[in-house]
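**Q** Sequences listed follow chains S and A, in order. All residue numbers for the first sequence refer to my numbering, where the first residue is 1 and numbers rise by one. All residue numbers for the second sequence refer to my numbering, where the first residue is 1 and numbers rise by one.
Source of the hints: derived by calculation from the structure; they are not laboratory data. Please note: incorrect hints may appear among the correct ones.
Listed below are the simulated BS3-like cross-link pairs for lysine-lysine, each with C-alpha atoms no more than 25 Å apart in a straight line [to be verified]:
1) A/87 / S/125
2) A/163 / S/143
3) S/143 / A/87
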Amino acid sequence: MIKSPIQPMPVPRHVYVIGDSHCLPFKDTMFQDPTSGQSFITKIAYCSGLSANSILDSKGNYCDTFQEGLRNLGLMDKDGKALYLASDPNSLAATFAAGLPQSPPTIILTCTEIDFRALVLSRLKNDHDIILPFETVYPNSNKPIIPLNFILDIAESTIGNLIKGLKPLADKGLSQVLVHCIPPPTLNDELFVNINNYLCPIPVRYKAATLWNHIMRKKCAEAGIPFIDLWPDVTENGYLLPRYELDGVHLSRHSVKHSLEYFTGYIHSQRFASVFNHVRYQLANEHGVSNNKESSLLQTLRNLVKQPDESQLLLKAFKKQGVVHFDDDSMILKAVGKLDQQEVLREINHSFDWRYDPQHAPEAFITQPPSDQWLESVYNTLYAEPFHHVLSECLGGDPIFYSLSISTQGLTSQSTAEFSYPKGIMRAIIAMQTQTEGASLLFKDAQDREISVAQRAGTLTVFDPNRLKLVSQTGFSPDAPLLHLVMGLRHKNHPRLLAWSPTPAFPVDPFQFSTTELNTYPKMTAGEFSVNPRFYEHS
Amino acid sequence: MSENTEKCPYHFVAPTARWRHAVAELPAHEIDPHSGETAPFHITSQTKIMTAGSCFAQHLSNALLHYGFDYVNAEPGPSWLTTEERKGYNYGTFSARYGNIYTPRQLLQLAQRSLNLFEPQESAWATTEANFLDPFRPNIQPRGFSSVAELSADRASHLQAVKDLLQNMDVLIFTLGLTESWLSKVDGAVFPLCPGCPHGTFDSNQYEFHNFNVQEMVDDLSQFLKLLAELNPSAKVILTVSPVPLIATMEKKHVLPATVASKSALRAAADEICRKHANVAYFASYEIVQHTFMAHEYFAADRRSVTPDAVDHVMQTFFRFFAPQEKLIKRDPHATHSQPIFVNPICDEEQLAAALGQARTAKSEG
Numbered sequence: 001m002i003k004s005p006i007q008p009m010p011v012p013r014h015v016y017v018i019g020d021s022h023c024l025p026f027k028d029t030m031f032q033d034p035t036s037g038q039s040f041i042t043k044i045a046y047c048s049g050l051s052a053n054s055i056l057d058s059k060g061n062y063c064d065t066f067q068e069g070l071r072n073l074g075l076m077d078k079d080g081k082a083l084y085l086a087s088d089p090n091s092l093a094a095t096f097a098a099g100l101p102q103s104p105p106t107i108i109l110t111c112t113e114i115d116f117r118a119l120v121l122s123r124l125k126n127d128h129d130i131i132l133p134f135e136t137v138y139p140n141s142n143k144p145i146i147p148l149n150f151i152l153d154i155a156e157s158t159i160g161n162l163i164k165g166l167k168p169l170a171d172k173g174l175s176q177v178l179v180h181c182i183p184p185p186t187l188n189d190e191l192f193v194n195i196n197n198y199l200c201p202i203p204v205r206y207k208a209a210t211l212w213n214h215i216m217r218k219k220c221a222e223a224g225i226p227f228i229d230l231w232p233d234v235t236e237n238g239y240l241l242p243r244y245e246l247d248g249v250h251l252s253r254h255s256v257k258h259s260l261e262y263f264t265g266y267i268h269s270q271r272f273a274s275v276f277n278h279v280r281y282q283l284a285n286e287h288g289v290s291n292n293k294e295s296s297l298l299q300t301l302r303n304l305v306k307q308p309d310e311s312q313l314l315l316k317a318f319k320k321q322g323v324v325h326f327d328d329d330s331m332i333l334k335a336v337g338k339l340d341q342q343e344v345l346r347e348i349n350h351s352f353d354w355r356y357d358p359q360h361a362p363e364a365f366i367t368q369p370p371s372d373q374w375l376e377s378v379y380n381t382l383y384a385e386p387f388h389h390v391l392s393e394c395l396g397g398d399p400i401f402y403s404l405s406i407s408t409q410g411l412t413s414q415s416t417a418e419f420s421y422p423k424g425i426m427r428a429i430i431a432m433q434t435q436t437e438g439a440s441l442l443f444k445d446a447q448d449r450e451i452s453v454a455q456r457a458g459t460l461t462v463f464d465p466n467r468l469k470l471v472s473q474t475g476f477s478p479d480a481p482l483l484h485l486v487m488g489l490r491h492k493n494h495p496r497l498l499a500w501s502p503t504p505a506f507p508v509d510p511f512q513f514s515t516t517e518l519n520t521y522p523k524m525t526a527g528e529f530s531v532n533p534r535f536y537e538h539s
Numbered sequence: 001m002s003e004n005t006e007k008c009p010y011h012f013v014a015p016t017a018r019w020r021h022a023v024a025e026l027p028a029h030e031i032d033p034h035s036g037e038t039a040p041f042h043i044t045s046q047t048k049i050m051t052a053g054s055c056f057a058q059h060l061s062n063a064l065l066h067y068g069f070d071y072v073n074a075e076p077g078p079s080w081l082t083t084e085e086r087k088g089y090n091y092g093t094f095s096a097r098y099g100n101i102y103t104p105r106q107l108l109q110l111a112q113r114s115l116n117l118f119e120p121q122e123s124a125w126a127t128t129e130a131n132f133l134d135p136f137r138p139n140i141q142p143r144g145f146s147s148v149a150e151l152s153a154d155r156a157s158h159l160q161a162v163k164d165l166l167q168n169m170d171v172l173i174f175t176l177g178l179t180e181s182w183l184s185k186v187d188g189a190v191f192p193l194c195p196g197c198p199h200g201t202f203d204s205n206q207y208e209f210h211n212f213n214v215q216e217m218v219d220d221l222s223q224f225l226k227l228l229a230e231l232n233p234s235a236k237v238i239l240t241v242s243p244v245p246l247i248a249t250m251e252k253k254h255v256l257p258a259t260v261a262s263k264s265a266l267r268a269a270a271d272e273i274c275r276k277h278a279n280v281a282y283f284a285s286y287e288i289v290q291h292t293f294m295a296h297e298y299f300a301a302d303r304r305s306v307t308p309d310a311v312d313h314v315m316q317t318f319f320r321f322f323a324p325q326e327k328l329i330k331r332d333p334h335a336t337h338s339q340p341i342f343v344n345p346i347c348d349e350e351q352l353a354a355a356l357g358q359a360r361t362a363k364s365e366g
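Starting from the given sequences, assemble the full structure and let the hints guide the process.
**A** This is the structure in structure tokens:
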């Protein structure tokens, strides 16, 4: 027997495809993202008869078939909780051992094609035509037209139900859902009639499907849900290419490639956006709180520092509003002002060891790290009074700065997705330069009330991203970027730390994040920061 | 005094020609302005009947349907619509989706448009919701049309339906509603509603107020009848005048004399037309509701909307006059599409009241 060494394959990430029968062609498809080299495998759950109007029952619960699909994919437990969010020691240790980030699974949902045929095509049949409100290649027939409002109302209501149906998923932590378009209808009238028992002429069914996808795209965009539209890839001159025809309803497996190309594009766009390991940050924060109670250091610091009246007022405002801004004769500006912006903003090609697969680190363009001296200067300022006192009070204990990043393009939707931040995590913004007429940050709270915070160069604004959403910034110099801080409570086994993240995102895991890729002050090795989450059970 | 002296001519008039017999001595709800008169033509359950006119005309169409007459609906709409959708989109409100037609000029222009004899320059009004309204039937469907292309296609199909209707119907019942109108200064196109109230945008450079006089209306009706005769030589027309008063007048006078002047002109025009055309009959809706001294019973609290009792009086008289040989059998109320005898009519003119209400609110707030 010849014994040959096993070549371990990189662990593929799962992509879950759940829905009506249009999920079937995705079954067990392995593919590799050519940009990152990351491999993926699709796992499907076919929910027979799933439609937008049936996904939720009258009580707002998922229908049995959808619940079963989620359970079969291992996405949800029998109590309806997202499994990836499990914070029990075994679950945490399992993901830790696998070296995988504990991040929300990516789900592709195929749904509403059944609604479309049942509610739209069966009404149009061979009796009516519609006129689309946008340019189209499909000709009009001499059939009586019906007011488009009828179809728009059906589509708005049905797709609205689908979007409504996705909300409980997001609430449970399954927030990375992509909605798949309905496929182009068959060009085979005979097949169409055999399946549906009526004819709806090709141009009419194409117009209706185009409109349906148009509404789906619009509703998804409004809800911030990515929408996979593969029509440009599987049609020519607006009609389905023969190689993608399968059985009069579904597309052939060839089409899956195009959907997954869209998916990888989405993954790239999300590279710097998500807060990975939500649950672990939360866990770290919770332990930080408990440790803080025992921390004599902080008690000593509190006793030593005489609290200025202004600071007390600011903290009171923070507790009330969730935001506080603070500067002390631009002490921070003195520290951050030494940043060589031109240098830092230069992009370099860089490998991350904490993205997807530690063994096959993908490359990405990131900004140049700042100098060690600069980091030290900022570190010394943030951990010194009076700033340290303010930050400690806001957090409820001694801080650790998980990420300090630079933003030149203002606050993107990604950087303002505050409501999904782990509980207890705080954010801060440092204005480096403002325009002479003044600058401000505008926040909105959960009741949509606006809170405007005036800014000047050197202002440190701390806010609770779970309470406030940063909606706009005005009056900042375009050539002077903003600095973004993400901070949490420091665990006693972690040193005080200021980490420069080249992206606005978090390091992947607060217990084991890479220090070779992140510039930190003080300088650290990866080993110094990696802590097994089990450790917390005994600490 | 000679025995041969002729008696006063009124001595020989029929009892129905005498107020005391025909009106004063009868219970009000039994007054029949057509008693003693024979209709110039009759309708049967096989007669294809088309209705058009002001909102009061909807009572006629409802009653015709209710009693199983062959009320023609040239734009029935999709079969799967709910009753509410059907009503909201004006399928079956009239014999085609033309909405309210208040004046003879409007009726004439509709016929001309259906025959490609007239094409108004104003073709679409954009709404604030980026939809488009047909200026000549702005309330024909909720939210208007999704695009100009859809509006144009629907209009083409609608006008074709109107042409088919005019060609194939046996009797048109046209309810004359108003004399006051708004016209395009460019081509004289008549709008059912004053532009800007609330649909469209008012612009005194583009639109002008016009109060049609009797002669103008006689001319318009004559022209319409001429076109109809060419299309459908055997077609007959029943004219009636809506008893519903004006919501507001643009004449510099009280709305009450303005209403009476308007209705009088319409009534006079109808009378003149009936005298000239053998295929045109007059039906006295206006007289039944306004002149049987049943104001409290026949008008709602707004002193404008007619009550079901009024409609019932009108329709019983109508059928007695035009369909004396027909046995009126109400449709099974449980049958699909059964038509109630009385429905609240869809009235474009109500938009004016709404606009006035808004203006009043704005003024009082100001």
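**Q** Confirm or reject each hint.
**A** Hints and how they fare:
The suggested pairing of residue 87 of chain A with residue 125 of chain S holds, with an alpha-carbon distance near 23 Å, which does not exceed 25 Å. Of the pairs offered as hints, the one joining residue 163 of chain A and residue 143 of chain S holds, with about 17 Å between alpha carbons and a cut-off of 25 Å not exceeded. About 22 Å separates the Cα atoms of residue 143 of chain S and residue 87 of chain A, which keeps this hinted pair within 25 Å; it holds.
When the structure is compared with the earlier hints, no violation turns up for any of them.
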